[in-house]
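Asks: Following the hints, complete the assembly by docking chain B onto the known chain A.
Taken in sequence, the protein lines are chains A and B.
By the numbering used here, the letter at position 26 of the first sequence is numbered 26, and the numbering carries on one by one without gaps.
By the numbering used here, the letter at position 194 of the second sequence is numbered 194, and the numbering carries on one by one without gaps.
Quick caveat, the hints were computed from the structure, so don't treat them as lab data.
Heads up, a few of these hints could be off.
Here chain B is said to cover these stretches of chain A; the calculated rule only asks that three of the stretch's residues, wherever they fall, bring their Cβ under 8 Å from a Cβ of chain B [unchecked claim]:
1) 49-61
2) 99-110
3) 237-250
Positions of the beta carbon are idealized from the N, C-alpha and C atoms, including for glycine.
Listed below, chain by chain, are the residues.
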Amino acid sequence: MTQDAIVAEDLTYRYGEKTAVDRVSFNVAESEILGFLGPNGAGKTTTFKMLTGQLKPKGGQARLLGMDVTKNADKVQGEIGVCFETTNLYEQMTGLENLNLFARLFGMRSFDGNALLERVGLGGRGKDRVETYSKGMKQRLMVARAILNRPRILFLDEPTAGLDPTSSETIRNIILEERERGATVFLTTHDMMEADKLSDRVAFMNQGKIVALDTPHKLKQQYGKRALKAKVAADDGRLEDREITLDTPETPEAVRELFSREKVITIHSEEATLEDIFISLTGRGLV
Amino acid sequence: MNWRIIGTLIAKDFSLFFRKKLFAALTIFGLIIYIVLYFVMPNSVSETLKIGLYAPVVPPVFNQLPNEGLEIDIVSSEEALKEAVIDGKYVAGISLPADIMEKFNSKQKPTINLYFTPDVPDEAKDAVVLMIQELAYMQTGQPLSIELSGEILGPDTIGQPIPPRDRLRPLLAVFILMVEMLGLANLIAEEVERGTIQALLVTPMSVKELFIAKGITGTGIAFVQAVLFMVLVGGMNQQPLIVLITLLLGAVLVTGIAFIIGSLSKDFMSVLGWGVLAFILMILPSFIVMFPGVITGWVKVIPSYFLVDTVHRAANFASGWSDLWSNLLILAGFCLAITWIGIMVLRRKFQ
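Bound conformation, chain B alone:
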C-alpha cells in the first residue's frame, strides 16, 4: 500500500470536487440552509394538553375541569373524535357513554373510552387516566367507580415530547450525506466516462489504492459535513461518540452507494436519475422520526433507518450503547455489504 499515491489521489479528488461549481455550491449553501432550517423550526413543546371530548350527557363535575394546562373541545360524535385524534388535533380523546349518569346513579360502573395517538408520551396518557378517575370520584364519591378502555389509534411508537426542530436533525444529517453521495458518484462516473481512470491505471497506482482514495474522499467529505452540521445544531451535546460513529458509518454507507451509482451512470444526468431514486429511498426512514406512525416497520429493510434511528435516539434521548449497539451493528453490516457491492461493480466498470 503506497500512502503517497493514495494522498495524491485524495488531493486530486478534493480539488476536482470543489471545482465542480454545482457540488461546491450545494456543499456550502446546503450546510447553511440546513442549519437555518433547523433554527427556524419551533424549539419548544406546548405544555397544554388538547383533549377532545364526546359526551352525549355531560356529568356536572366535568364543568369543574381545571383550565390551566388543559384545553377541552366538545365534538359531535365518537367517530369525529377518533378522526380528530388520528389527525393529531388532540393528544387524547375521551368518549363518555350516553347512560353515564344512570350508571353512576345505580352504582354501576360505566365504561369510558380513551383514544390516544401513537406518539403520545406515557406521562400524558397517565395524566388523562388520572383526571378521568378523579372526576369520577368527585362525581360519585366512590373510588374505582368507572371502567376505562384505552385504544391507540394507528401504530404504536415510542415518543417523547421533543421540539420539532430536534426531530428534524437526523433527516437533515441524512440529506447532507446523500448530497455528498451525488457529488462522489458524479466524480466517479466522469472519471470512467472521460477515460482518466485508464490513465491512472497505467501508472504504478494499484486498483486497491484507487478504491481506498475514493473511499476516503467520499467518506471524508460526507462525514465532515454531517459532523459540522450536528455540532452547529447541538446534535453532539448528548452521546457524542455514538453520534460520531453513526455518522461515520453513514458516510461509509453513502460512499458505497456512490460507487454503485457511479458505476451505473454515464454522465451527470444519469447520476442525478439514479441518485434521486436512492435519495428518496434513503430519506424515507427519516419520516418515522419526523412524523411517528406514518410509516410502519417495513422501513427497517432500508439501511438508512438504522442511521436515522440511532442519531435520533442518541442525540435526542441520550440513549446509550446498551440501547443502540444492535442498531450500530446492523448499520455496520449494511455498510460492509453495500461498500463491497459498490467495489465489485465499479471494478468491473474499470476493467
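Okay, chain A solo, but in the shape it has when bound:
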C-alpha cells in the first residue's frame, strides 16, 4: 500500500477576518500529479504556502511524507522542491552560482549544476548572470532550482504562466520526468489544457474551499456533457450545425435519424473542458 505523500486535513487560514482557506482536506498519493485549479483569490497560493511551510495554518494540519509540516518544517523542506510563481533568483549571480548556492543549502556534496542546466535547456549559459536571461530562461532556472535536490514532492506554482511554447514544453516534460522518477507533484495553474494534460487528478478551488476533486476524465463524465457535433448540408447548400447529446437512452435513435435524414458533411465528438466544468460548478470563470 502506498503512503500518501501529501495529506491536508481541515487546513484553514485567515487573513484578519477573511477566511482564505476554509477547512480544506485532500490527499495526494506518491508519484501522483495533482493539478490545483482555481481563479485568483481562491486560496490556491495560501494552501501552497501552508503545505510548503511558509505559512502556519490557523487550523487543521498539513502532513508531507508522514511529517507535520509545522512541527518538522526543516526536515520536510529538505525533501521538497518549490518553484514560485514570480521569479526570485539572485539576479547578480550566474545561473550556476544560483544552483550551487541551493545545492549547498540542501547539503549536497556532489552536484553537477551544468548537467542540470543542460536538462532544462540552459546548457552553455551557466556562467552568465541571471539578469541577462529572458523570462523563459529564468523560469527554467527556477524549475532547475526546485528539482536540484531530487525532491520527493515537487511544488510548482504557475510554472508556465506567460512563457513561450518552447519553454512551457520543456517545463511540462520535466514535470513528467520527475513524476517518472517517483516524485509527487503539486501543480497550481490557470492553464486548463496543461492541467488536463499533466494531472492524474485535479482539484477545483473556489472561495477557499475545494469544490471538486477527481481525475479529469471522471470530472468530465460527472459534470460535463458529451456530445456529437455535426455539420449538415441544407437543401439550399448552406451548412447547418446539429448536436446530439451522448450517453442518453435517446442517443442511438438520434444518431440513426441524423444519418438517414440529413446529408452529414463533418461529424466529431466533443467533451466538456475543465473550464466548462469549473464554470458549471462555481458559476464563475478561472481568471
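Replies: Relative to chain A, chain B alone:
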C-alpha cells in the same frame, strides 16, 4: 544550528555585497578617503596661549608680560571679550575693572573677571590664574592682593589638547560603520522585495540560521572596516582591547539598525531615505568630540554617543576599564535592544 548553512549564506551575502558596485566602491574608497582626511588634519596643538584682555586702565606691570608662549589682544569692551571667548578666538579672557589702580593704591582688592571656554584644559586655566596673581604681586608687592572671579562660557566639558585629527577619529569610525549599515540594509530589502528570501525559507535553512548569517555578515563587514581604519590611523595604540570591543559593539549596533531599515524599506531609495535619517542621528554625538560644548547632554539618549565617547576616551586619552565600563555596558544594552527590535520587525516582514 547548522554552521554549513550559515557559512553558505555568509559567503553568498559577501559575494552579493561586493557585486553591488556602489557599496563596493563606498567600502574601498570610503576607507581611503577617511584615512586621507585623517592625515590632512593638523597633527599638533599650538602651544601659544591666546588671551583677550579688556582693560579700561592698563596697570604698568602688564606691559612687562612675557612674549614667549603668550599672545594678548586688547579688546574694546567686556561684552566683546566674552563673545570672542565663546567664538573660540581666545582660550581665556581677562577683564580688569576700571578702578584697578585706585584699589591697588588704596590697598583694596580689585576683582578681576576671568572667562574660559568649556574645553580649556585645567593646566591652561591654572597658568592664567597664576599669571594674574604674579602680575598683581609685581604691581603691589603684596601677595593675594586681588579677588579672582572665574566663569566658564558655555557648558563645561572635559577637554585636553589633542590634535584635531585625533578628535576626528571616532567620527570617521562611526561614518564607516554607518556606510556599511546602508549596504546591509539594502541587501536585506532587496532579498525581501525580490522574494529570494522565500526561496531560502523553503530549504532546510531555519530563520534562526538566516539571522545569524545576516548578523555575522553585517557585523563582520562593518567591524573589519572600522578596525582597519583605526589601525591605520593609530587609533589602536592605546587601549586596543577596549577600542576593539567598542567597535565590535558598534558593528552589532549598526547591524541591528540595518535590520530595522531593511524591514522598513522596499528599494534602494527607501533604504537611502531611512538610512540618511539614521545616519544623521547616529553621527550627532560625534560632534561633541569634534566640537566640545556645541551639544549638550541630551545626546546621551542616542546610542552612538557611548560608542563615540568610548572610542574617543580610550584611543585619545588611554582611559581604562574603570572609566569606561559603564559606557560599554550601556552600549551593549543598546545593542541588545536594537538588534532584538531589528530581528522582530524583520521576522514579521519575512512572514
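Asks: Look at each hint and say if it fits the structure.
Replies: Hint-by-hint comparison with the structure:
With a threshold of 8 Å between beta carbons, the proposed coverage of the stretch 49-61 of chain A by chain B holds, since 4 of its residues qualify and at least three are required. Interface restraint, the stretch 99-110 of chain A with chain B: holds (6 residues with C-beta to C-beta distance below 8 Å; minimum three). Counting residues of the stretch 237-250 of chain A whose beta carbon lies closer than 8 Å to any beta carbon of chain B gives 0, which falls short of the minimum of three for the stated coverage.
In this structure, the one hint that does not hold is number 3.
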